[in-house]
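Trainee: Chains as they are written, first to last, in the numbering used here: chain A, 216 to 776; chain B, 4 to 365.
Just so you know, not all the hints are guaranteed correct.
[To be verified] Per label pair, the in silico range of CB-to-CB distance:
| hint | chain 1 | residue 1 | chain 2 | residue 2 | range |
| --- | --- | --- | --- | --- | --- |
| 1 | A | K600 | B | E120 | 33 to 39 Å |
| 2 | A | L763 | B | K86 | 37 to 43 Å |
| 3 | A | V235 | B | E131 | 35 to 41 Å |
| 4 | A | L763 | B | E120 | 32 to 38 Å |
| 5 | B | N124 | A | T640 | 52 to 58 Å |
| 6 | A | Q634 | B | K86 | 41 to 47 Å |
[Unchecked claim] Quick list of in silico lysine-lysine cross-link-like pairs, DSS-like style, CA-CA up to 27 Å:
| hint | chain 1 | residue 1 | chain 2 | residue 2 |
| --- | --- | --- | --- | --- |
| 7 | B | K20 | A | K600 |
| 8 | B | K86 | B | K128 |
| 9 | A | K767 | B | K119 |
[As the list claims (entries may be wrong)] Listed next, the stretches of chain B that the computed footprint assigns to chain A, with coverage defined by at least 3 CB atoms under 8 Å from CB atoms of chain A:
| hint | stretch |
| --- | --- |
| 10 | 97-107 |
| 11 | 305-312 |
Since the hints were derived computationally from the structure, they do not count as laboratory data. The C-beta atom is built at its ideal place from N, Cα and C for all residues, glycine as well.
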Amino acid sequence: MSKRSALTPSLIIIVGFLTVCPVVMLVLGSFSEGLDAFGNFTLDKYIQSYTNPELADIIINTVIFTIGSAIVATFLALFLAYLNTRTNIPFKFLFRIISIIPMMIPHILFSVSWVLLLNPSNGLINLFLRQIFNLADSPFSIYTLPGMILVEGLLDLPIAYLILAPALAAFDVALEESSKVCGASNLRTLVKVTLPVLRPAILASFILVIVRSLASFAVPSVIGMPGRIYVLATHIYQIIATGFAADYGMAAAVGMSALAASIVLIYLYRYLTSESEKFVTISSRGYRPALIDLKKAKYPLFGIVGILSFVLILLPVLVLFYTSLVPYSMVPSAKAFSLMSWKNWVAVLKDPISLLSVKNSVFLGVVGATVGVILSVFVSYVIVKVRTTASGILESLSFLSFSFPGIVVGVGFMWFFVQTPLYATIWSLLIGYIATYLPYGIRPLTSAFIQIHSHLEESSRVSGGGTFYTLRRVVIPLLIPGIVSGWILMATMYVRELTLSVVLSRPGTEVLAVQIFRFAEDGLWGKLSALGIMMIFISTALVVIASLVGAKLTRVQTEGE
Amino acid sequence: MEIRIRKLSKYFFSEGKQIKALDNVDLVIPANQIFTLLGPSGCGKTTLLRCIVGLELPDTGEISIGGDIVYSKEKNVFLAPEKRGLSMVFQTYAIWPHMNVFNNVAYPLQTRKTPKEEIRNKVKKTLEFVQLDGFENRPATKLSGGQQQRVALARALVPEPKVILFDEPLSNLDAKLREETRKELRSFLTRLKITAVYVTHDRIEALSLSDTIAVMRGGRITEVGTPKDIYFNSSKKFVADFIGRANLIEGKVARHDDHHTVVDSQIGALACKKRPDVPPGAAVTVCIRPEFIRVSAAFPEDAPNTCRGRVESMVFVGDSYEGEIRIGNTCLVIQIEPTFGCKEGDTAHISFDPQHCTVLNR
Numbered sequence: 216m217s218k219r220s221a222l223t224p225s226l227i228i229i230v231g232f233l234t235v236c237p238v239v240m241l242v243l244g245s246f247s248e249g250l251d252a253f254g255n256f257t258l259d260k261y262i263q264s265y266t267n268p269e270l271a272d273i274i275i276n277t278v279i280f281t282i283g284s285a286i287v288a289t290f291l292a293l294f295l296a297y298l299n300t301r302t303n304i305p306f307k308f309l310f311r312i313i314s315i316i317p318m319m320i321p322h323i324l325f326s327v328s329w330v331l332l333l334n335p336s337n338g339l340i341n342l343f344l345r346q347i348f349n350l351a352d353s354p355f356s357i358y359t360l361p362g363m364i365l366v367e368g369l370l371d372l373p374i375a376y377l378i379l380a381p382a383l384a385a386f387d388v389a390l391e392e393s394s395k396v397c398g399a400s401n402l403r404t405l406v407k408v409t410l411p412v413l414r415p416a417i418l419a420s421f422i423l424v425i426v427r428s429l430a431s432f433a434v435p436s437v438i439g440m441p442g443r444i445y446v447l448a449t450h451i452y453q454i455i456a457t458g459f460a461a462d463y464g465m466a467a468a469v470g471m472s473a474l475a476a477s478i479v480l481i482y483l484y485r486y487l488t489s490e491s492e493k494f495v496t497i498s499s500r501g502y503r504p505a506l507i508d509l510k511k512a513k514y515p516l517f518g519i520v521g522i523l524s525f526v527l528i529l530l531p532v533l534v535l536f537y538t539s540l541v542p543y544s545m546v547p548s549a550k551a552f553s554l555m556s557w558k559n560w561v562a563v564l565k566d567p568i569s570l571l572s573v574k575n576s577v578f579l580g581v582v583g584a585t586v587g588v589i590l591s592v593f594v595s596y597v598i599v600k601v602r603t604t605a606s607g608i609l610e611s612l613s614f615l616s617f618s619f620p621g622i623v624v625g626v627g628f629m630w631f632f633v634q635t636p637l638y639a640t641i642w643s644l645l646i647g648y649i650a651t652y653l654p655y656g657i658r659p660l661t662s663a664f665i666q667i668h669s670h671l672e673e674s675s676r677v678s679g680g681g682t683f684y685t686l687r688r689v690v691i692p693l694l695i696p697g698i699v700s701g702w703i704l705m706a707t708m709y710v711r712e713l714t715l716s717v718v719l720s721r722p723g724t725e726v727l728a729v730q731i732f733r734f735a736e737d738g739l740w741g742k743l744s745a746l747g748i749m750m751i752f753i754s755t756a757l758v759v760i761a762s763l764v765g766a767k768l769t770r771v772q773t774e775g776e
Numbered sequence: 004m005e006i007r008i009r010k011l012s013k014y015f016f017s018e019g020k021q022i023k024a025l026d027n028v029d030l031v032i033p034a035n036q037i038f039t040l041l042g043p044s045g046c047g048k049t050t051l052l053r054c055i056v057g058l059e060l061p062d063t064g065e066i067s068i069g070g071d072i073v074y075s076k077e078k079n080v081f082l083a084p085e086k087r088g089l090s091m092v093f094q095t096y097a098i099w100p101h102m103n104v105f106n107n108v109a110y111p112l113q114t115r116k117t118p119k120e121e122i123r124n125k126v127k128k129t130l131e132f133v134q135l136d137g138f139e140n141r142p143a144t145k146l147s148g149g150q151q152q153r154v155a156l157a158r159a160l161v162p163e164p165k166v167i168l169f170d171e172p173l174s175n176l177d178a179k180l181r182e183e184t185r186k187e188l189r190s191f192l193t194r195l196k197i198t199a200v201y202v203t204h205d206r207i208e209a210l211s212l213s214d215t216i217a218v219m220r221g222g223r224i225t226e227v228g229t230p231k232d233i234y235f236n237s238s239k240k241f242v243a244d245f246i247g248r249a250n251l252i253e254g255k256v257a258r259h260d261d262h263h264t265v266v267d268s269q270i271g272a273l274a275c276k277k278r279p280d281v282p283p284g285a286a287v288t289v290c291i292r293p294e295f296i297r298v299s300a301a302f303p304e305d306a307p308n309t310c311r312g313r314v315e316s317m318v319f320v321g322d323s324y325e326g327e328i329r330i331g332n333t334c335l336v337i338q339i340e341p342t343f344g345c346k347e348g349d350t351a352h353i354s355f356d357p358q359h360c361t362v363l364n365r
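Given the sequences, and given the hints that come with them, work out the whole structure.
Mentor: Now the structure itself:
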């Protein structure tokens, strides 16, 4: 009893520190004179940042960027989810792939691949069109708001799909059937019945994409900054990145707006998802909806889906791999193939900073995910199995960081770490990563815990196993699938982490994404692509190893010691 | 080992309301008996079991097992379940799906740090005892319901506990298997001479399995006795009604004669088993079990407690006829041999032995 009762408060302290500390430090920092004058009260930072004449433009950009991305992502996701759940479109397995695989491709690499295709000076598509039509100027530029919106929309498409597809699958077909019985066409039914009933889910997806694009740093930095289009995240970055004039007080003051907007949106999102669940529960009767026959539109529509999957999954990897092999940007041709070499790869492997970033990212991925999963196991245990008021507090705390934009959390942590010896060490990154991505570990583990019947634990207690013995021999082995997916989610997030790292990383603690970002700033596309492909390899290797270890552990437990 | 429970209470809170799951329970469970807690769902029987084993923390009272206090509010004692040295068979069996049969059964010995050789021998012996020898390497997920139930039993038996607790262990088996397992369980438990506390809501299970039954209702112990006592001699209306099918006839005690208590009831004066403690004039209920009502077409000569009625329904259920006979405004449920020939609408005479007429307190 005493062990168990000590567990909840200590977890509340740990998780509370991880999630609340950056926010508190952000607030205090925004009222302080500077990193080395923490606690000297001043309002100057607010006055300075909110009287900045550029801020109005930045906010307008942010609004257009986030809402635009939300429209693109939600529209595409709705289109895909409808085709998948309600029509007889062929090759449905492709939809599962579309909804999962793009999450494996780091956002910065996805953004870079679009820069490589559509930048105005030497984007591959632009070069190609200029050659063919003999144009003097590039027809497209990715460095624009529409370009940012397109790429961010595609990046957030999987998340929107994961919200909309279950909502559509649970939709009560009788509502549509009765509309058709009344004489309405398929299209009219879709517009008049289906979409209005799905409104809460559509709005939820819309808002979640807004939150994600508000927190997004890869697209605004790689695509927006070269085109001098700044949004809140890049504005904050600009304030702290300009060498000697870095002002973390102003960054914190601006960050407060991003944080506030994000928290409000997340609460709206939570409200809407509970609403949409209410909608869904009215109906489910295990009844499979009749599929709409697309007839002649079947293959053209599938063509669109095929193109989307190509663009989302294969194109970025192909473009990066191609770029890593050619000496400078050129359209694929016989000449290009003859010039191909591993030069960029060799250069990266000889570059001490790139190698250090590989080492650091692998360390953070492996150690961070392991520590994060251990913490998630205890937190999820308390949330699902202990179920006191205190564990309810723990649950709210541990999902809080979902609503914080990464760069803002980074600035908050900066204020904290500067006051401690952890500043500029790899440990500061580790703590920041775990704080920001804790929900990625807790989600799969809470669902795993829910599936373990309390009798399985209780019979272990009665058989003489104490709390920790029971955890080790009964609970954890049954949790292994959840542990493995939590570990994989965290490790892949950590290996690619950019937003937080760009604030916290210092010389000596470079990580992969930051190094890629530096290459992008310097226009070293060949080296960038080589390092990017290595990054994808590293993530994939971690995923494979984790799955194998998980399978092995499960087998050992089943077959006995 | 004897289990003593003193003034035990346990409250739950549901939607802001306090619910007394256990209300001041006093109970002594004698050593080396099969002791059953019987009652309708929500009566607190499972809560009581879970308090004994240590999975619930009671709010007040005291529990001692074999003289050792495992819980006491006043002395601030609470022994964790793993330290009580008991065994329990769960309703869901709680077989760990990630282990094979051997590891499931060996588990309680492993927690007690038993040497490996000894574990192997004991597990083998126990699996033989429950007739599962050779199943050691079978994954737990590849077992039928009955086999899972035996694994759960083997796991409970293997540490040779002094007390085993059963929480409705047969309720997940189909009817035929349930009957077989019940007989088997009774023979296992009587051979082992250990204290078994058994929770069920099934009266037939309770009657056929137990040495002693405690009937529970609303968080309290209503009555404790042997199965026969409870079935035939209970003076409580709730118990008599719950333990078996019963005709309950309202009436008033008229007088006591040498051998019987006579009750004036809706169907006339009934000579009942003597209850000298109930004064004449007291309002009572008379309980007559359907199987003790004799039915005949002709008027039975020299029989006590006879009346005439009309056959309301008569249903053939295989081993007997079940029917209803109406006498005035009262309908009596009867159970008679399937060979008896009468049909709905017939006039029939019924009679019953005073020994099988029990006077219940109202």
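Trainee: Hint by hint, which ones does this structure get wrong, listed from lowest number up?
Mentor: Violated hints (numbers, rising): 3, 11; every other hint is consistent with the structure.
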